[in-house]
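Colleague: What follows is each chain in one-letter form.
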Amino acid sequence: MSDTVAQPPVQAPTEGPAHGATGPPATWRPSPTGMIARALVLAGLLAIVLAAPPMMPGVTTNILSRVAVFVIVALSLNILIGYTGQISLGHGAFLGAGGFAAGIAITNLGLPWAFAQVVAVLVGGAFALLLGLVALRVKGLYLALVTLAYGLFAQEVLFGLGWVSRGGAGMPADRPEWAMGDVAYAYVCIAAVALIWALDWRLTSSRAGRAIQALRDSEKVAASWGINVTSHKLLAFVLSGMVAGLAGGLFASVEQLVSTQTFTLELSLTFLFMAVLGGAGSRPGVVLAAVLLGFLEFFLDQLAAAFDLAVDGSAAPLFSALLVLLVLLFVPGGLAQLLRGVFRWLSFQPFRDPRGDDDSQPAMGGGDGGRP
Amino acid sequence: MVAQETKEPTQEESEAERAHPRGLAGLARLGDAARTGTWLAEHRTTVLWVVAGIVGVAVLASLPINLGRAAIGGVSQGAVYALVALGLALVYTSTRVLNFAQGEFGSMGAYAASALVVGVGFERGDVGLVSLFVAAFVAVGVGALIAVLTNLLVIRRLGSAFTALVATAALFMLMQTAQFLAFGLQRPFPRIREGTAFAAFGTNVLWQEVVIVVVLAAVAALLAMLFRTPLGVALLASAQEPYAASLYGVSPKTMSSLAWGTAGALAGLGGLLAGGVFRNIEPGFMTTDYLVPAFTGALLGGITSMSGAVVGALLLGLVTTIAQQLVTSYQLDSAIPNAPVASSFVVLLIVLAVRPTGLFGKKG
Chain A
1 MSDTVAQPPV
11 QAPTEGPAHG
21 ATGPPATWRP
31 SPTGMIARAL
41 VLAGLLAIVL
51 AAPPMMPGVT
61 TNILSRVAVF
71 VIVALSLNIL
81 IGYTGQISLG
91 HGAFLGAGGF
101 AAGIAITNLG
111 LPWAFAQVVA
121 VLVGGAFALL
131 LGLVALRVKG
141 LYLALVTLAY
151 GLFAQEVLFG
161 LGWVSRGGAG
171 MPADRPEWAM
181 GDVAYAYVCI
191 AAVALIWALD
201 WRLTSSRAGR
211 AIQALRDSEK
221 VAASWGINVT
231 SHKLLAFVLS
241 GMVAGLAGGL
251 FASVEQLVST
261 QTFTLELSLT
271 FLFMAVLGGA
281 GSRPGVVLAA
291 VLLGFLEFFL
301 DQLAAAFDLA
311 VDGSAAPLFS
321 ALLVLLVLLF
331 VPGGLAQLLR
341 GVFRWLSFQP
351 FRDPRGDDDS
361 QPAMGGGDGG
371 RP
Chain B
373 MVAQETKEPT
383 QEESEAERAH
393 PRGLAGLARL
403 GDAARTGTWL
413 AEHRTTVLWV
423 VAGIVGVAVL
433 ASLPINLGRA
443 AIGGVSQGAV
453 YALVALGLAL
463 VYTSTRVLNF
473 AQGEFGSMGA
483 YAASALVVGV
493 GFERGDVGLV
503 SLFVAAFVAV
513 GVGALIAVLT
523 NLLVIRRLGS
533 AFTALVATAA
543 LFMLMQTAQF
553 LAFGLQRPFP
563 RIREGTAFAA
573 FGTNVLWQEV
583 VIVVVLAAVA
593 ALLAMLFRTP
603 LGVALLASAQ
613 EPYAASLYGV
623 SPKTMSSLAW
633 GTAGALAGLG
643 GLLAGGVFRN
653 IEPGFMTTDY
663 LVPAFTGALL
673 GGITSMSGAV
683 VGALLLGLVT
693 TIAQQLVTSY
703 QLDSAIPNAP
713 VASSFVVLLI
723 VLAVRPTGLF
733 GKKG
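Chains as they are written, first to last, in the working numbering: chain A, 1 to 372; chain B, 373 to 736.
What the hints contain is simulated information worked out from the structure, not anything from laboratory work.
Be aware that a few hints might be false.
To give an idea of the interface, some chain B residues facing chain A are shown, with a C-beta separation under 7 Å as derived from the structure [stated by the list, open to error]: (1) Leu537; (2) Ala539; (3) Ala541; (4) Met545; (5) Leu546; (6) Thr549; (7) Asn652; (8) Val664; (9) Val713; (10) Ala714; (11) Leu724; (12) Val726.
From the three backbone atoms N, C-alpha and C, an ideal C-beta is built for every residue, glycine too.
With these hints in hand, go ahead and build the complete structure from the sequences.
Modeller: Next comes the structure, spelled out in structure tokens:
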């Protein structure tokens with residue numbers, strides 16, 4: 001990288017005939033070579049993901065499962081931050097609620113694993129509904145404060161209850177018989193990521209999804225277009241909570257034990273950092289950021305072991321916080337802004353935006369200008 | 373005709389507003405009652421408060437708790453909340469940022485004091501006057517320095533209140549991990565003076581509690597004086613109306629740095645006092661133990677009001693202490709695992725549902 005002026009993104013060589021300044025027509029399609037190149041890259045990415053579980057050394061396969069769970073939580077937080085512009089500092093509470101619900105369903109009630117996942121989804125949604133009802137009354141920064149207190153309340157009070165945490169020992173949660181092994185369970189988690197990605201994609205292109213996104217830009221304008229602000233805000237909260245609940249259900253069976261100490265403020269903030277680092281509102285950006293931050297600790301541990309460094313995985317929060325600060329200061333759109341052309345190219349679009357709005361940044365926050 | 377009908381109430385309203393500057397319709401109606409004459413109507417709010425106070429004290433007295441212990445423990449606990457809450461309110465009024473890193477300014481101050489003032493008796497728990505002053509100077513200075521740097525290097529460069537919130541959250545994480553990497557999981561921290569000061573109200577009052585309350589009183593008095601000096605007035609004016617203040621020659625940038633610096637200094641002082649409560653400090657202890665109650669206290673009193681933040685934090689200290697005593701005496705520990713957190717969450721919900729501007733806060 002030269003330290004001169006930033007270069008505009010270079011047109012990909014596989015792009016097909018170059019288009020003029022007016023931009024391509026609305027029904028732009030890549031050239032046959034462009035199609036093949038994109039398909040190859042996507043297939044390569046898919047192959048890497050699918051090949052990863054058996055390739056991870058020994059017990060570290062579970063790290064992969066955990067990262068997959070974190071990706072799901074980041075996507076669920078993205079529904080709130082990216083689509084509605086509401087912030088949540090207590091998303092660990094939904095993860096924990098789903099996790100303990102699944103653990104109780106499996107261990108105490110003896111329900112089958114798949115049914116326990118449904119319970120986790122419902123409990124996560126119910127938790128979010130309660131928070132959403134409060135969120136309807138308060139706005140902006142006050143909501144951030146409520147979610148913060150909610151997360152702390154869940155961690156210290158709800159998950160500390162004797163019958164929930166089994167007196168502090170933790171709630172066991174067995175895996176299903178058909179996915180007892182670490183590798184098999186990692187595939188289950190990855191499949192869940194794919195499912196949530198598809199659902200999220202459908203959400204953003206549905207009527208309700210568009211209504212939710214309209215709330216982010218301006219509640220008043222959205223209301224004047226006939227969007228029911230109250231119900232759509234609640235819907236966003238409940239959807240986010242349900243997805244996070246599913247993540248919790250999956251998370252419970254990764255270590256096969258849900259313990260209270262997991263769902264800390266730091267974990268909730270990590271999810272927030274994933275959404276911000278990826279670029280709130282961008283699905284591929286958020287997923288990429290979640291993968292990066294999720295593997296950071298493992299990566300640092302491996303580095304420290306290989307090169308005998310003093311800094312190991314325990315420094316991971318330091319690096320992720322630094323990354324987030326740098327992103328906020330210099331690239332407010334996060335990875336989605338940095339890799340905009342790449343993401344567009346991979347989704348069978350031209351590398352450059354045909355409409356030329358490359359300077360637009362994904363909305364972050366919003367709603368009512370951030371003042372309570 | 374229709375136009376007249378809609379116009380009349382507005383005229384009445386504005387008249388009422390002139391008579392009653394706060395302009396609330398309910399208060400105006402109260403005022404009307406007062407004009408018609410009875411003493412009760414005129415002093416209705418005062419009477420209500422007095423009645424509520426009497427009922428409250430009666431209820432408290434009937435509870436199975438040690439009232440003296442609750443009062444002293446609650447006030448000393450609330451005083452540390454108040455030091456953090458004061459900083460939150462200062463920063464919020466001057467820059468409209470909910471500062472998530474406020475607690476960590478205090479932790480950093482406490483760690484700096486504990487690291488730098490080793491060897492003069494500070495780590496052993498028999499703090500001499502000299503080392504106490506050095507430690508206080510270090511804690512306050514480090515807290516203020518980090519806060520000012522945060523404002524200059526980060527907050528000022530960010531656009532919205534949301535990005536500022538995320539940035540302060542990232543700073544919290546940064547500082548907490550730095551503390552962990554540098555000092556490990558736990559580090560002993562001395563009390564300023566060990567032992568019991570005196571016995572009163574059916575309980576032993578610890579020196580630590582006396583010191584905390586005296587420090588808060590001194591800080592409150594100092595701040596009250598500060599806000600009457602030209603500098604303090606400029607600070608408040610700049611917080612209220614930055615543009616108008618700048619027309620009077622007050623630099624909003626200087627004033628925001630002053631507010632952040634003061635907030636950091638207060639947090640440093642809080643860290644120094646809170647560190648001694650459990651006699652050891654952990655990475656991020658000011659955030660995990662004090663930030664959320666301080667936020668709640670500030671909100672309870674009204675985050676736009678300094679005195680409100682102090683009163684709210686003290687009240688919250690009382691509430692959490694009483695809740696803990698109640699849970700202990702009714703043996704509800706397994707039903708309510710962390711009574712202070714639970715009660716402060718309930719208080720937060722009630723405040724937001726009933727009066728989001730807090731007891732003394734203004735709209736805005």
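Colleague: Decide, hint by hint, whether the structure agrees.
Modeller: Outcome of the hint check:
Interface restraint check: B/Leu537 against chain A, minimum CB-CB distance 6 Å, threshold 7 Å, status holds. Annotation: B/Ala539 was flagged as interfacial toward chain A, and the flag holds, the nearest CB pair being 5 Å apart, inside 7 Å. At about 5 Å, the closest approach between the beta carbon of B/Ala541 and any beta carbon in chain A falls short of 7 Å, and the interface hint on this residue holds. A distance limit of 7 Å between C-beta atoms decides the matter here; for B/Met545 the minimum to chain A is near 4 Å, and the interface restraint holds.
Satisfaction of the interface hint for B/Leu546 is found here, the shortest Cβ-Cβ separation to chain A being roughly 4 Å, below the 7 Å cut-off. Here the hint on B/Thr549 is kept, as its CB sits about 4 Å from the closest CB of chain A, short of 7 Å. Hint status for B/Asn652 relative to chain A: violated, with the closest Cβ pair at about 19 Å, above 7 Å. Because the smallest distance between the Cβ of B/Val664 and any Cβ of chain A comes to about 5 Å, under 7 Å, the interface hint for this residue holds.
For B/Val713, the interface hint holds, since its Cβ comes within 7 Å of a Cβ in chain A; the closest pair sits about 4 Å apart. Annotation: B/Ala714 was flagged as interfacial toward chain A, and the flag holds, the nearest CB pair being 5 Å apart, inside 7 Å. Checking B/Leu724 against chain A by beta carbon gives a least distance of about 5 Å; that is within 7 Å, so the hint holds. Annotation: B/Val726 was flagged as interfacial toward chain A, and the flag is violated, the nearest CB pair being 10 Å apart, outside 7 Å.
Taken one by one, the earlier hints fail for this structure at numbers 7 and 12, listed in ascending order.
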